[in-house]
Amino acid sequence: MALVHKSIEQLDLDSKFLWLLDFFGGFVVNPADEPQESVECILTPCSPHPQFPGRMQRHLSRQEVRTVGVNSLGLLQLGHCLQDGVFVPSSISSKLEEIEFQFDSRNLPESHELYLNQVGIDPSSSLISDRLLNEGVHSAVKVIDGEILKTSLKTTPEKDASPHKPYPFKVLFHELEIMRFYYTNSANLNGAVFGGHFSEDFLYRKVVSNLHEGPHCELTSKAARFEYQVDFSFDDAILIGRILFEDPSSALEGVRRIHLSKLVARANEVSPRLTGYPRTKFPFKQKAVIKIRGRRIKLLDNKFIFVAHRIEECNAKFPFDDLTFQRVAEPGGSTPPPGAPEAYANQQSQTGPGQHQGVIDTEARPAKNSVAATAVPEIRRFTSLELSRCMTRKARPSTHSSAEKKPPVFNPRLENSSAGTPTWGNSTAVRQDVSDKIVGTEVNEEPLEDDLDEPEVAKRSIDLESFKRILDHLESKFGIDSIQPMPIPMIQTVAGKISTGDDLYSFFPVIPCLKQRSRNRQFSFLDKAQKERRKLICVSLRAGERLFYVLEAERRINEQNIYMEDFPILLLWANDFGAVEVGKLREILIRTVRNPSKTWPLDISFLDLKQKRIDHDSVRTTDVIAGRIIQAIEST
830 MALVHKSIEQ
840 LDLDSKFLWL
850 LDFFGGFVVN
860 PADEPQESVE
870 CILTPCSPHP
880 QFPGRMQRHL
890 SRQEVRTVGV
900 NSLGLLQLGH
910 CLQDGVFVPS
920 SISSKLEEIE
930 FQFDSRNLPE
940 SHELYLNQVG
950 IDPSSSLISD
960 RLLNEGVHSA
970 VKVIDGEILK
980 TSLKTTPEKD
990 ASPHKPYPFK
1000 VLFHELEIMR
1010 FYYTNSANLN
1020 GAVFGGHFSE
1030 DFLYRKVVSN
1040 LHEGPHCELT
1050 SKAARFEYQV
1060 DFSFDDAILI
1070 GRILFEDPSS
1080 ALEGVRRIHL
1090 SKLVARANEV
1100 SPRLTGYPRT
1110 KFPFKQKAVI
1120 KIRGRRIKLL
1130 DNKFIFVAHR
1140 IEECNAKFPF
1150 DDLTFQRVAE
1160 PGGSTPPPGA
1170 PEAYANQQSQ
1180 TGPGQHQGVI
1190 DTEARPAKNS
1200 VAATAVPEIR
1210 RFTSLELSRC
1220 MTRKARPSTH
1230 SSAEKKPPVF
1240 NPRLENSSAG
1250 TPTWGNSTAV
1260 RQDVSDKIVG
1270 TEVNEEPLED
1280 DLDEPEVAKR
1290 SIDLESFKRI
1300 LDHLESKFGI
1310 DSIQPMPIPM
1320 IQTVAGKIST
1330 GDDLYSFFPV
1340 IPCLKQRSRN
1350 RQFSFLDKAQ
1360 KERRKLICVS
1370 LRAGERLFYV
1380 LEAERRINEQ
1390 NIYMEDFPIL
1400 LLWANDFGAV
1410 EVGKLREILI
1420 RTVRNPSKTW
1430 PLDISFLDLK
1440 QKRIDHDSVR
1450 TTDVIAGRII
1460 QAIEST
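Take the position in the sequence shown, starting the count at 1, then add 829; the result is the number in our numbering.
No lab work stands behind these hints, which were simulated from the structure alone.
Fair warning: there could be bad hints in the mix.
Just the calculated beta-carbon pair ranges, DEER-fashion [claimed, not checked]: (1) L1089 with K1360: 42 to 48 Å; (2) L1092 with P938: 21 to 27 Å; (3) N946 with Q1460: 38 to 44 Å.
In the SDA-like style, the derived pairs of lysine to any residue whose C-alpha atoms are separated by at most 25 Å in a straight line are [to be verified]: (4) K1051 with N1144; (5) K999 with K1035; (6) K1439 with E1410; (7) K994 with T1203; (8) K1427 with A1358; (9) K1146 with K1197; (10) K979 with A1358; (11) K1197 with T1180; (12) K1116 with P1170; (13) K1035 with A1052.
Remember, predicted model here, so these are calculated numbers, not experimental data.
We put the beta carbon where it would ideally sit given N, CA and C, even for glycine.
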């Protein structure tokens, strides 16, 4: 979990307390009278428990409701505490738990959709106080029957749960959490989902395009293609692809229901709050296993129900095996013809201190030409995508020219940040991009048919010498007890050759292609001629009594477009923090080469191993990367 260490202005309450984000309410009109709507956040003041040291006591009678702009939905973490508007690590009176929950979305009765006050929660576990309920604060929820397959708490009756020994259980979801995980991501996608842009009237004007070709999916090969509007990101495109192609339109029905149900609920609302309670559907009709963070609360019948704070992972299948997408228009491509019209006059962009400091004003408008501050609260895992291939097409030949790019100008007025709808002026906030990293597959570039016979593009590998310097930093500045090289001998599947590398370097295995057995998989090589093998470094780190393993591999740069492979550093460890057998490390390399996503395998739990990934982003400094590795180790 990654928390955003920046104050959220709307959630900055009395600093004498820690404020627990207990639950969400409904949607209300933006208090600042802006197009972006706001979501009600129900916050409970907490103080140290007088009888149980290390725990927090909730003061339910003093609950408050604050509103946060819906474009900042990804920043909000149910079950976590805030102080001075900043999320801080803190436990509450009930233990937090992570479960693997199996359910069948095909067999959900209509009675599973309720309001929170209809669930029958014991007063000792209330999420919303009676005072707020009497004032008209409600929450639209789903109560799902299913089975616990695994739990992180070993003090519960289901402590020995497994896929072979599941336990029946109920999970309570706020509708907003289902929307967040399956349908929304960036501010632009949020606006499309909650603004009704997936309706028949707006779908081809606001979301996708049929200018060059309409969305289509081959039933036999399950290969899907579509073009999307310029405002969406690559991660957004994967979610849009599911909405477009899921059969029998369950995802499209689910996303359209969000806007329609909100309007219906608001039309029937008689209070001055003008609250809407949007509802949705799961975007699939199948049995699925999801990983959820949350806690148990007591019901009036003395049973317990699990309150979902955050969906982290889902294994439901996507409707495609291959997905190719492209923006309807984007920079790049070939040189435009002489005299081509100018596309967009590049206005001077503005930076400000809000990029790095200040508060997040979630309900204001940012300056339109501001350079966006970025926040990636978490990663979202769709494990079935690991077997799919998602690709973006190269830019089409350019038809317009662009003005000379002007350098950004520092503007001290832009002291805060906001994820609201951009405006021309009268704003003191830079844009705030809030979007999770969608994990499960990597987006690669698909060559155009005209490019297939092009001469080979020169590649060069990232120098592993920089990783050696990172290891030096870990040992000298961060106090790692010991660092030992861990070469991985690889018994090849081709010609019986054995490659052991040297004392530090290892090689990825050479494995034949699935369809063309006479050709080896390209991932194991740095060049198209398959003469230069891809190397990696594996080392073991001892931190106290715990043993970790760090793997860094060579990454390739395409010198034609300066894009670098997205291949993170891998940190792994055994469940007992003991030594990992070489055979397990070898299996990870084999699965990496076979992975259509061209990255480390997403699931290594079958090897009794756990993992974290350290992204390079565009950071090249060794101390920053070393610090990220240490932070990942300390958070295990």
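Going through the hints against the structure:
1. Distance hint for L1089 and K1360: a CB-CB separation of about 58 Å, inconsistent with the stated range 42 to 48 Å.
2. Checking the proposed 21 to 27 Å range against L1092 and P938 shows it holds: the Cβ atoms sit about 25 Å from each other.
3. A C-beta distance of roughly 41 Å is found between N946 and Q1460, which places it inside the suggested range of 38 to 44 Å.
4. Distance hint between K1051 and N1144 is fulfilled; the C-alpha atoms sit about 18 Å from each other, no more than 25 Å.
5. Simply put, K999 and K1035 have alpha-carbon atoms about 38 Å apart, too far for the 25 Å limit, and the pair is violated.
6. For the given pair, K1439 sits about 14 Å from E1410 by alpha-carbon distance, which is consistent with the 25 Å threshold.
7. Taken as a hint, the K994 and T1203 pair is broken in the structure, with Cα atoms around 43 Å apart against an allowance of 25 Å.
8. Between K1427 and A1358 the CA atoms are separated by roughly 18 Å; this keeps the pair inside 25 Å, and the hint holds.
9. For the given pair, K1146 sits about 38 Å from K1197 by alpha-carbon distance, which is inconsistent with the 25 Å threshold.
10. Of the supplied pair hints, the one linking K979 and A1358 is violated, its CA atoms being roughly 46 Å apart against a limit of 25 Å.
11. Taking the CA atoms of K1197 and T1180, the gap is about 11 Å. The hint holds against a cut of 25 Å.
12. Simply put, K1116 and P1170 have alpha-carbon atoms about 52 Å apart, too far for the 25 Å limit, and the pair is violated.
13. A hinted pair counts as satisfied when its Cα atoms are at most 25 Å apart, and K1035 with A1052 qualifies at roughly 24 Å.
Taken one by one, the earlier hints fail for this structure at numbers 1, 5, 7, 9, 10 and 12, listed in ascending order.
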